[in-house]
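Asks: Given only the sequences and the hints, what does the whole structure look like? Please build it.
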Amino acid sequence: MTSILADKRSRPGADAPPPDTVRSRGRARRRALNWLTAVGFQLPALVLFIGLVLLPMLFALYAAFFRWGGFGMPEDYIGVDNFTDLFDNPVFMGDLWRCLVLVLLTLALQLPFALAMAVLLNQRLRGRAVYRMLFFAPYVLSEAITGVLFSMVFAPDDGLADHLLGSIGLDSLGGEWFADPSWVMATLFIVMTWKYFGFHMMLYLAGLQSVPRELTEAALIDGAGAWQRFRSVTLPLLMPTIRISIFLAVIGAIQLFDLVWVITQGGPDHHSETMAVTMFQYGFKRYQVGYASAISVVMFGICLVFALAYQRFVLRRDLEGATTTMRGDGK
Amino acid sequence: MSLKSEGVSLKSEAVGRKSRTPRTLPLHLVLIAVGALMVVPLVYAVLSGFKSTDELSRNPFGLPDHWLTGNYTGILRSGDFWRLLGNSTLIAVATTVLVVAASALAAFSFARFAFRGREVLFTLFTMGLMFPFAVAALPLFLLLRYLGLLDNPLGVILPQAAFGLPMTIIILRAFFREIPGELEEAATLDGCSPFGFFWRVLLPMARPALGTVSVLAVVTSWNNFMLPLLVFTDNTWWTLPIGVQQFQGQYSSDYARVFAYLVLAMVPALAFYSVAERQLVGGLTAGATKG
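Each protein sequence line maps, in turn, to chains A and B. When the first sequence is numbered by my numbering, its final residue is 331 and no position is left out of the sequence of numbers. When the second sequence is numbered by my numbering, its final residue is 291 and no position is left out of the sequence of numbers.
I should point out that these hints are in silico values taken from the structure, not numbers from a laboratory. Hints may contain errors.
Simulated restraints, written as ranges between beta carbons of each label pair [said to hold, decoys possible]: (1) Pro181(A) / Gly249(B): 16 to 24 Å; (2) Ala32(A) / Gly249(B): 52 to 60 Å; (3) Leu61(A) / Arg177(B): 47 to 55 Å; (4) Gly79(B) / Gly69(A): 32 to 40 Å; (5) Glu182(B) / Phe284(A): 53 to 61 Å; (6) Gly26(A) / Phe113(B): 15 to 23 Å.
C-beta: ideal position from N, C-alpha, C; glycine also.
Replies: Rendered as C-alpha cells:
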C-alpha cells in the first residue's frame, strides 16, 4: 500500500503540477491525504477480505502441491501428483459429470419453468402476489431444513411421494428415490427446482418490469400472437436477465454442497457426490488435506475460467465488463 | 319489479364473468397446480408434527385422528431448541452489523473518492463474487484452527462477514453514487469532515439500501450450513441448520418428532420473510443485476 503512495508522489501524472513549487507541494500533500482517507475507509473491509478470503485461497493453492495431513506445515512436496491423481479418480470425474448433468437439467427444465411462471405472474391475475410469495418462499428456508424435509418426503415406501403415487394408482413410479443410484440425481434435481426456481422467477419478474408495455402493445396492434410477442419482443429484452440467472445457476451447481450433504452425503455409493462433497470427505474425514486442497483449487479454476469466459463472451454486451464499470465515471 | 332487476343484474354479472373466465382459467389452474406442489410438502410436515409416528405410517396425509401437541411442546419445552435459536440470532445479528459497517465504509470510499488503485481494489472485491464459499472452506478451517477460533462464534461471524462483503459493497456503492455530489460539497463547506458527511448525511439517506443489504446478510447467515458444521465441533454454539440435521440423525425413527422440529425451525425464517419480503427480493435482484 505504501509503495503505491510513494509511487504516486515520485511519478507525477499528466495533470500533476511540477514538483518544485511550494504550492504544488501543498497540493501533493493534500492528494496524499485524500488517498490516505479513501484507503482508510477501505481498511476494515480489506483486512477481513484479504485475511479470510484471499489468504486462505492462496494457501490452498500452495498446499495442493503437498502430501499433507493438515497438521504442522506441509513439507512433503509432490509436485502436481495430487492433480494427476484427481483426474484419475473415478469419483472426482463423476463429480464433474454430475455437475454438468445438473447444469444441463437446470438450463433445460428449471430455468424455462421459472421463466414461464414469471411470464404468467407478470399478467394481471387475481392472487398473483400470493403466488409470487409462495413460489419464492422455499428460497428462504435453509438447505438443511429443505434437505431433511425432502429426505422424509421421498423416504422409500413410507414417504409422502410414494403414498401419493400409490393413491393415484401409480405405484410403479414410486421407488427408492434417494436410495436408488439411478434415481438419486433426478430426485435431487426435483428438490433443487422446488427450492430455487422461485429465485430465478423473481429475477425474471424484475426483468419483465423493465420491458416497456408500449412495445408489446405495438406488437399486438401489428397483429402478433401471444407467442410471437413473447418470442420477438419480450424474450430479447429479457436476455440480459436470463444470462445472469444462467451464470448464477452454474456457479451454484459447481459449489453444491449443503443439500447433498444433508440428504445423501454423496451416496448411494458416490452416485450423488459433488466436488464440494468429495473435497469435504478427503479434507475433513480422511485428513488428506493436500489432496482436498487440490480439489478446492480445481473448483476455483473451473469457477474462474467459467466466469471469465462468460463475462468475455456472453455478458459483455450487457455490462461492458462488470469489473471495469469504474472507467469514465468522472474521475 | 325489484326481483326482476336483481335477476337482470345477476345475469349480466354472470355474462361478464363468463367472458373473462375462459381466458384466465387455464392460467389459474396451472398456478394452483404449481402452488399445490410448493405447499404440499410444508403442509405435510405441519400435519405430521401433530401425529404420532405410528399414526403417520397408517395415515400419512389425512388430518390427524387426535391432534397431538406433544411433539411440538416437547421441543419447545426443552432448552435445546431455544439455545440454537439464540445462537442463530446472535451470529446473524453480529455478522450483519459487521458486514454492513465494513461494506458501507468501503462503498463510500469507492463511490465518493477518486484515488489511485480504486479500480484494482474494486475488481478485487467483485472477484470475490466468484469465490464460492465451498472453495475456501478447507483452508479457512485450517486458518481458524490456527487462530484458535474453532468452537467460538467469531469463527463463523468473521468469515461470513468477509464472504458477504462483495455483494454488500456492490449494492451500497451503486446506491451511494446516486446521491448528488452537491450535497457533499455543501456539507464540506459547512465544515463537515468526510467521515462526518458519511455518518451524518449519507447513512441516514441510505436507510432503504442499508435495510436491503441487512436483510440479505441476516438470511444468508441464518441459513449457512457448511461453516458452522466445520467450526462448531461441540453443540454449545450449534445453529438451527446444524440442529435440524443432528435432530434427524438422533431421532431418525421418530418421524413425527422430526417433522415437528422441522416446522418449528421453519417458523422464524418464514416469519422474517413475511416481514421483509420486499427488501429481500429487492436485494437479491439488485445484487444479481449489479454484480
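Asks: Does each hint fit the structure? Answer for all of them.
Replies: Tested hints:
no. : hint                              : verdict
1   : Pro181(A) / Gly249(B): 16 to 24 Å : holds (23 Å)
2   : Ala32(A) / Gly249(B): 52 to 60 Å  : holds (59 Å)
3   : Leu61(A) / Arg177(B): 47 to 55 Å  : violated (34 Å)
4   : Gly79(B) / Gly69(A): 32 to 40 Å   : holds (38 Å)
5   : Glu182(B) / Phe284(A): 53 to 61 Å : holds (55 Å)
6   : Gly26(A) / Phe113(B): 15 to 23 Å  : holds (19 Å)
The structure shown violates just one earlier hint, number 3.
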